Each structure stands twice: as structure tokens, then as C-alpha cells.
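Chain residues, written in single-letter form:
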Amino acid sequence: DAMVIQNPRYQVTQFGKPVTLSCSQTLNHNVMYWYQQKSSQAPKLLFHYYDKDFNNEADTPDNFQSRRPNTSFCFLDIRSPGLGDAAMYLCATSRNQAEINEQFFGPGTRLTVL
Amino acid sequence: QKEVEQNSGPLSVPEGAIASLNCTYSDRGSQSFFWYRQYSGKSPELIMSIYSNGDKEDGRFTAQLNKASQYVSLLIRDSQPSDSATYLCAVYTLSMEYGNKLVFGAGTILRVKS
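Chains H and Z are the protein sequences, given in the same order. Quick note: the first sequence uses the numbering used here, first residue 9, plus one each step. Quick note: the second sequence uses the numbering used here, first residue 2, plus one each step.
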């Protein structure tokens with residue numbers, strides 16, 4: 009089945025220790041997104057790639073970086089995690105950025121910062 | 002910033018009843034509207050999309066859109082305990098200032114009592 013896969017599902021890191029989260033997709037979608045979701049809050053878009061074109065949200069901290077080496081994979085790097093970065097990180101994909109733009113989410117990675 | 006507003010709930014309904022979930026949005030130019038279901042600790046799952054004024058039915062779910070009132074709703078008929086989840090309203094906005102993106106509400110918690 010076509011799907012969005014995230015690894016790991018749970019990640020524990022120490023304050024200030026870099027961490028990388030990964031996302032892969034078999035949907036062959038052009039657009040990949042990274043969201044951060046904290047408890048009882050809406051998912052917050054961090055950035056997205058349209059193919060190789062990177063788009064950063066204005067309020068995404070510099071501590072967050074992303075890489076998309078090919079169509080299938082996208083990575084989220086947190087260079088120096090703080091306690092406030094503990095959250096669920098969601099990867100999503102969509103076929104394009106047209107108005108009819110259904111986004112499909114992976115299972116998420118729960119990040120804990122000690 | 003473009004906003005999507007939902008009542009946080011919880012909305013409690015008895016099993017078999019109709020659950021009515023509501024959402025308002027601020028961007029009058031929005032054309033695409035989505036409902037996601039999110040179980041506790043899980044990622045959002047797309048359940049309905051609607052693009053035109055009126056009703057769209059899919060099984061027990063009906064989405065209703067009124068662009069003049071900037072209002073979108075989700076009706077769940079014959080509610081089941083398995084419908085207990087947080088329902089996220091999402092609106093695709095087109096903005097020269099903020100870019101094109103999906104903006105989520107914080108969600109309404111639905112509890113179906115057996």
C-alpha cells in the first residue's frame with residue numbers, strides 16, 4: 009500500500025544533542041511537509057519542499073533544518089533541541105500545491121527532550 | 002495571520018446520535034476545506050474534503066460548506082464510541098503575504114458515550 013512512513017516513532021534525546029527524524033513516502037507526491045504539534049494544539053507548519061524547492065515558514069526557528077535528498081525521503085534535523093521542542097513531529101505529503109491539495113500524514117515521531 | 006476557529010469541546014453525544022462539529026475561518030478567499038480525525042497520540046487522518054458550497058456526504062459523514070458565512074461543519078450520523086477523537090478543521094489559504102498553506106484549527110474533542 010502507498011503510504012507515508014516516519015522513523016523512529018519515538019525519539020528521546022538530551023538537551024542540546026542533535027537529532028534527525030526521517031520521513032519516506034511511496035505515494036510519489038511532489039510536496040513533503042514537516043509539522044510540529046504540541047499537546048492540544050493545531051499542527052504548526054515548519055517548512056515544506058515542492059520537489060527540491062525548499063520553503064521555510066517565517067517563524068520556524070533556525071534550530072530546525074530540513075533535507076530532501078530525493079523524491080521519496082525528507083529529513084528533519086534539530087540542531088540543539090531544547091525542552092520546548094518536545095512535541096509530535098508530523099510528516100505529510102501532497103501531490104501538488106494546487107487548491108485541491110489533500111495532505112496525507114505519516115504516523116508521526118514523538119520527541120522527548122530530557 | 003489566517004485563522005481557523007473551532008470550539009475545543011469536549012462535545013459529548015450518546016451512541017447513535019448525530020454529532021455536529023463546527024469551524025469558522027477568516028480568509029474569505031479560501032477554496033479548499035478538510036476535516037481530519039486524530040486519535041489520542043496518533044497522527045491526523047483525512048476523512049472529508051469539500052470545495053463547493055453545500056453538502057458532501059460520505060457514509061456516516063456529511064461535510065457542509067457555506068463560503069458566504071465562512072463556515073464549514075461536519076456531521077457524524079449514528080455516532081459510535083470509535084468516533085471518539087479530536088476533529089481538526091483545515092483550510093487551504095492562498096496568501097501573497099504568508100504563502101499557500103493548510104491552516105489547522107486546534108480541534109474539537111468528540112466523546113461518544115455508549
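Hints were generated in silico from the structure; no laboratory data involved. Please read these numbers as outputs of a predicted model, since none were measured by experiment. Beta carbons: idealized from backbone N, C-alpha and C, even for Gly. Keep in mind that a hint or two might mislead.
[Said to hold, decoys possible] Computed beta-carbon distance windows for the label pairs:
| id | chain 1 | residue 1 | chain 2 | residue 2 | range |
| --- | --- | --- | --- | --- | --- |
| 1 | Z | GLY10 | H | ASP59 | 19 to 25 Å |
| 2 | Z | ASN101 | H | THR120 | 43 to 49 Å |
| 3 | H | PHE23 | Z | SER70 | 44 to 50 Å |
[Said to hold, decoys possible] DSSO-like mimics (lysine-lysine), calculated; alpha carbons at most 27 Å apart, straight line:
| id | chain 1 | residue 1 | chain 2 | residue 2 |
| --- | --- | --- | --- | --- |
| 4 | Z | LYS57 | Z | LYS68 |
| 5 | H | LYS25 | H | LYS46 |
| 6 | H | LYS25 | Z | LYS43 |
| 7 | Z | LYS43 | H | LYS46 |
| 8 | Z | LYS43 | H | LYS52 |
| 9 | H | LYS25 | H | LYS52 |
| 10 | Z | LYS43 | Z | LYS57 |
| 11 | Z | LYS114 | Z | LYS68 |
| 12 | Z | LYS68 | H | LYS52 |
ask   = So which of those numbered hints doesn't the model satisfy?
value = 1, 2, 11
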